[in-house]
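Taken in order, these protein sequences are the chains called A and B.
When the letters of the first sequence are read in order and numbered with this note's numbering, they come out as residues 289 to 378.
When the letters of the second sequence are read in order and numbered with this note's numbering, they come out as residues 245 to 514.
FYI, nobody ran anything at the bench for these hints, they're computed from the structure.
Everything numeric in this text was worked out from a predicted model, so none of it was measured.
Where is the CB? At the ideal position from N, CA and C, for every residue including glycine.
A portion of the hints provided could be inaccurate.
Claimed, not checked - Label pairs and their in silico Cβ distance ranges:
1) B:355 x A:348: 23 to 33 Å
2) B:391 x A:348: 37 to 47 Å
3) B:458 x A:363: 41 to 51 Å
4) B:455 x A:376: 17 to 27 Å
5) A:375 x B:448: 19 to 29 Å
Claimed, not checked - If you want the ones that stay clear, here's a sample from chain B, every Cβ over 10 Å from chain A, calculated:
6) 289
7) 351
8) 414
9) 482
10) 501
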Amino acid sequence: MRTFVISFLIGTAAVLVILVVGLMALGFAAAAGDWDNFDIAIGPIGLFAFERDGTTTTTSMGIGVVPVAALAGLVNAGAAVLLRRRARSA
Amino acid sequence: MIGRRDRIELPDGVELCGEEIVDHVRGATVRLNETATRLVADLQARSIADAAGAIARDVGVSVGQVETDATRLCAELNNRLLVNIRRGGGLRFLAARWLSLALLLLPLSSLPSLPYRRYPVLRGTALTRALSVVRTLALRSFVLGCVSGVALALLLIGSGLAVVALPIALLATVALTIAAPVHELAHVLALRRAPCFLVVRGLRMAVVHNAGRSALVAVAGPASGIALAIPALALTPVLPEAAFLSIVLSGQLLGLTVLGKDGRNACGLS
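Only chain A is shown next, with the shape it has when bound in the complex (with noise of 0.2 Å):
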């Protein structure tokens, strides 16, 4: 239960990072790169939005950040309960 519960936190977490640093990144080069309105979400669950209007633009992270990490961290766990029974049973 602490392995997953570690690696589950870890990599929810890893991941959460590399996604806010990954769209922060996106942002800044669609608002320098005079890119066009555009949006990025999984089904009905927005991730990430870019609107230009005129000269100013807005960037916006949406909520579905946090259960794609998640679910990063789920895989993560699963992987790492796996190893451990593995490294047991061998």
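On the provided structure of chain A, position chain B as indicated by the hints.
Here is chain B on its own, set in the frame of chain A:
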């Protein structure tokens, strides 16, 4: 990949005491038999071929047999990070040997493995430790950065993105040149004053220690990517390609998952 003309040297922190090799940094000891002790002592001054010749005469066995045994001993001790291999030839000789072995091993879908090399991390202030890490890894990181940059440029050109290939490849080169030593430096600084050493094998680098706080030490390396990604992010309004740089640098955090050795250490799997 150890040859007849190679010698060995005991790295800082490793000592031959009687019939034992003692690693003072890790607090480990390896017991040797009489012949192995003599070989370890001889091989610091003479090549494998010369030392094997002398032992073969004294013991009355074939030189080839002693050479094989001596090479195996060197490889085993090198795998345990207890000896460094001193090359009998220059870089060109090493490259030629690697290529000839690679051709032989290619049908087996394998490549010759380079020996480990152990470098000390100087004790003292954080600055002293940092300088010793950077000095050891700077050139290797630059080569790593260049190799990755060229590979990325070729990939982008091949994908029809030739316009952005040069700036992105340059940024990747810069990112890896800086990120690799900073990653190892973060491990070393997280260890505080605990003894440790650097190990390199080809372009791979690692910090080896025998101290506690292993989760904290493991997290420190990949987390250092964020410390570099933030300034890169600040560059993005001026240089949009720096967005890619910040993504690459923050991507180091993936090393905290079970995909990376640091991540497995942090998750308590090793």
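Hints and how they fare:
no.: 1; hint: B:355 x A:348: 23 to 33 Å; in the structure: violated (48 Å)
no.: 2; hint: B:391 x A:348: 37 to 47 Å; in the structure: holds (39 Å)
no.: 3; hint: B:458 x A:363: 41 to 51 Å; in the structure: violated (23 Å)
no.: 4; hint: B:455 x A:376: 17 to 27 Å; in the structure: holds (25 Å)
no.: 5; hint: A:375 x B:448: 19 to 29 Å; in the structure: holds (23 Å)
no.: 6; hint: 289; in the structure: holds (42 Å)
no.: 7; hint: 351; in the structure: holds (30 Å)
no.: 8; hint: 414; in the structure: holds (16 Å)
no.: 9; hint: 482; in the structure: violated (8 Å)
no.: 10; hint: 501; in the structure: violated (5 Å)
Comparing the model with each numbered hint stated earlier shows that hints 1, 3, 9 and 10 do not hold.
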